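Count the sequence shown with this note's numbering and you get residues 1 to 100, in order.
Hints were generated in silico from the structure; no laboratory data involved.
Since this is a predicted model, take the numbers as computed values, not measurements.
Do not take every clue at face value.
To be verified - Subject to a maximum C-alpha distance of 30 Å in a straight line, what follows is the list of computed DSBU-like cross-link-like pairs (lysine-lysine):
#1 22 <-> 55
#2 32 <-> 57
#3 79 <-> 55
#4 57 <-> 94
#5 32 <-> 22
#6 57 <-> 86
#7 22 <-> 79
#8 97 <-> 55
#9 97 <-> 86
#10 79 <-> 32
#11 55 <-> 94
#12 86 <-> 55
#13 57 <-> 79
#14 57 <-> 97
#15 79 <-> 94
#16 32 <-> 55
#17 97 <-> 79
#18 22 <-> 57
To be verified - Ranges of calculated distance between the beta carbons of each label pair, as one might list FRET restraints:
#19 83 <-> 38: 23 to 31 Å
#20 39 <-> 67: 36 to 44 Å
#21 81 <-> 57: 18 to 26 Å
#22 40 <-> 93: 33 to 41 Å
#23 95 <-> 46: 31 to 39 Å
#24 78 <-> 7: 23 to 31 Å
Even glycine gets a Cβ: it sits at the ideal position worked out from N, Cα and C.
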Amino acid sequence: MDTTMIPPWMSNLDDEDMTFIKRFLLASGSMKEVAAQYDVSYPTVRLRLDRLIQKIKLGEQIENEPYIALIKRLAVDDKLDFDTAKILISEYRKQLKQGE
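With the hints as constraints, model all of the structure from the sequences given.
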């Protein structure tokens, strides 16, 4: 794989995310094993995996809707609550429709 061509979804992940992915893969996808490695509960690993999945999905949307992807990323990273994120995205979409 050409390392100069990192996919957008991957460029949004930090070192901790990449380490988690590596551990998850090496554990053959066993969240129980990953939980033991991190010395955390299974639900904690599940939450981390869910947030990572959301980040990856957002990375795929960046090229099409960079503003919406930013708002969603802030919500996933707990820098913005989900209700506020929904309001911002809704208002942004309304403005886009009015400008058409």
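- Message: Can you confirm whether the C-alpha distance between residue 32 and residue 55 stays at or below 30 Å?
- Response: holds (22 Å)
Going straight from one Cα to the other, do residue 57 and residue 97 come out at no more than 30 Å? holds (24 Å)
Please test the hint of 31 to 39 Å on the beta carbon pair from residue 95 and residue 46. holds (36 Å)
Check your understanding: Are the Cα atoms of residue 22 and residue 57 separated by 30 Å or less?
Key -> holds (18 Å)
Measuring from beta carbon to beta carbon, are residue 83 and residue 38 in 23 to 31 Å? About 30 Å separates the Cβ atoms of residue 83 and residue 38, which means 23 to 31 Å holds.
Does residue 79 pair with residue 55 here, judged by a C-alpha cut-off of 30 Å?
-> The hint holds at about 14 Å.
**Prompt:** Can the restraint linking residue 97 and residue 79 be considered satisfied, given a maximum Cα separation of 30 Å?
**Reply:** holds (27 Å)
(message) Does residue 55 sit within 30 Å of residue 22, going by the straight-line distance between their CA atoms?
(response) holds (16 Å)
- Item | Outcome of range test on Cβ distance (residue 40, residue 93; 33 to 41 Å) | Holds, since residue 40 and residue 93 (Cβ atoms, about 37 Å apart) stay within the stated range.
Quiz item: That 36 to 44 Å hint for residue 39 and residue 67 (C-beta), does it hold up?
Solution: For residue 67 against residue 39, whose Cβ atoms are near 38 Å apart, the range 36 to 44 Å holds.
Regarding the pair residue 57 and residue 94, is the alpha-carbon distance no greater than 30 Å? holds (23 Å)
- Hinted pair residue 55 and residue 94, Cα distance within 30 Å: holds (25 Å)
The structure is consistent with each of the numbered hints, conforming to all of them.
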